[in-house]
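Colleague: Residue-level listing of the chains:
Number of protein chains: 2
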Amino acid sequence: MTNPVLVVGSVALDSIKTATADHRDLLGGSASYASLAASFYAPVRLVAIVGTDFPKEHRQLFADRKIDLQGLEEAAGKTFRWSGEYEVDMNNRRTISTDLNVFETFQPKIPSAWKKTEFVLLGNIGPSLQRDVLRQMDKPRFVVADTMDLWINIAKPDLVALLGEIDMLVLNDSEAKQLTGDTNLIRAARAILKMGPRYVAIKKGEHGCLLFGENNFFSIGAYPLEEINDPTGAGDCFAGALIGSLAQRGDISFEGIKRALVQGTLVASFNVEEFSLRRLEKLTMDEIAKRQREFLQFGALEA
Amino acid sequence: MTNPVLVVGSVALDSIKTATADHRDLLGGSASYASLAASFYAPVRLVAIVGTDFPKEHRQLFADRKIDLQGLEEAAGKTFRWSGEYEVDMNNRRTISTDLNVFETFQPKIPSAWKKTEFVLLGNIGPSLQRDVLRQMDKPRFVVADTMDLWINIAKPDLVALLGEIDMLVLNDSEAKQLTGDTNLIRAARAILKMGPRYVAIKKGEHGCLLFGENNFFSIGAYPLEEINDPTGAGDCFAGALIGSLAQRGDISFEGIKRALVQGTLVASFNVEEFSLRRLEKLTMDEIAKRQREFLQFGALEA
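Chains G and U, in that order, give the protein sequences. Under this note's numbering, the first residue of the first sequence carries the number 1, and numbering increases by one thereafter. Under this note's numbering, the first residue of the second sequence carries the number 1, and numbering increases by one thereafter.
Among the hints, erroneous ones may be present.
Said to hold, decoys possible - In silico DSBU-like cross-links for lysine-lysine, where the CA-CA straight-line distance does not exceed 30 Å:
no.: 1; chain 1: G; residue 1: K258; chain 2: U; residue 2: K290
no.: 2; chain 1: U; residue 1: K282; chain 2: G; residue 2: K290
no.: 3; chain 1: U; residue 1: K194; chain 2: U; residue 2: K139
no.: 4; chain 1: G; residue 1: K177; chain 2: U; residue 2: K17
no.: 5; chain 1: U; residue 1: K258; chain 2: G; residue 2: K258
Just so you know, these hints were derived from the structure itself, not from any lab. On a predicted model such as this, the values are computed, not experimentally measured, just so you know.
The shape of chain G in the complex, shown without the other chains (with noise of 0.2 Å):
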């Protein structure tokens, strides 16, 4: 039986524009995405909050994943809505609103069964609340957190107290360079391990990934993409199917985290294909290991 994995972070109605399209009251929210990204390797154990107008089809969508909602808190009010626009180069996103509703008062309260849960992502919401998170957790095996820009700017002690208590950092490159306040990431990286977690793995978009452990490095590519259609969670797919495939396998070493960054890396390349998390509904593990065998072949030199 597959290790279970927790998932904490924000469930949310996103409304997006690009270039060509313009989408309203979208599932997304950083514990969706990783969630359901994660589900395709282990059992998941969701941590959020919704609001009483949250669609029973987004909560039907979890179900029918197996995603496990007794810690999915509905609490009086409306669920978190941001909405943001892509310009055409899709590098570029501005945020136009953010409205935290009931995920303003959100007190993460993880079920006692759920306690000795070994594989924990924190997903993306404030230091504090990811702190809280583990001050509940019963000796986890291994912890992932991501974060961003804004957790840098407001709320930098906390995130560094944070990195102390974690095995891995997930942040994107411009996200390590504000946070250490270095440009080369090589040196970022290795402030960032300095700062406490064992591992650190940079995201960098269509450049792929840079995983740092003390003594080891990795790099991948991004799967090459000829049609991107919504960027947005991306990176918190990344995260879910990364703890996904560590607890699957229950390899912790720094063999097993370039394994799991591989698969992190193939499930935010179908996700970026549709809006929303359509393109993860109705994905197959067949489809996924198609990928993985084209990309493995993308880096590799014959002997």
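Dock chain U against the given chain G, drawing on the hints supplied.
Modeller: Only chain U this time, still in chain G's reference frame:
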């Protein structure tokens, strides 16, 4: 006996400022970097122009690397001079001045004994000059051309004509976007292949390089460096080691080009460690081989 390579491009005296250093009249220019890089793999035939002020010690440096200088024209006047400044984030560079000097009237003349050279690198100079060189050559086996944003801006018709006459184009990611008007690099590469070359390599600096053939794709990261002292010439070294490695092995299959790309990546990574060609001057094949073993490990998964 290894096939020789013909390298055409600029030989310059560069003045370079960084946040921590300021150097005047360093040996530079696309052909200088590319020739030295290629010389680790194959005999090099250099075609370029210098003024009467070109220092003897630079000429000696080429000779020490067994670079044939029969095609290095000396003209009355001053050598081409370029000066630029890097920000703390070395991805950002600005040109302070460009004095073409003798380069302004450069008309590359290929010595008759060199016209049958099979492996040709058209280093970064104007595309009409690159085409002039090709018209003088007698059925080269493999022609690689480099270019830059300037030529896309002021000589695009010539550049497009050149693309129908070469085997492989190397350019950086922003240039690929500029040339095709497409912000997606995968689509941009496909569009460039449609313009003529069988292969295109897109250099992404610290993010590595993508190689495209009609039905092939290859992706490698950069060698991770904590200290970069002078990024000048990295792309030229990449192209030089690439053509040198192709000539050395004589293998122009996609697999052969992949291997040559690895050599380009390695030599470029050494080059940026010191100003000008100082690192390449003392570089050894043993150092390249050692870094290659390490580098190939960085992207490898255990079976």
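Colleague: Against each hint, give a clear statement of whether it holds in the structure.
Modeller: So, going through the hints one by one against the coordinates:
| no. | hint | in the structure |
| --- | --- | --- |
| 1 | G:K258 <-> U:K290 | holds, 23 Å |
| 2 | U:K282 <-> G:K290 | violated, 46 Å |
| 3 | U:K194 <-> U:K139 | holds, 22 Å |
| 4 | G:K177 <-> U:K17 | holds, 23 Å |
| 5 | U:K258 <-> G:K258 | holds, 23 Å |
Violated hint for the displayed structure: number 2, the only one.
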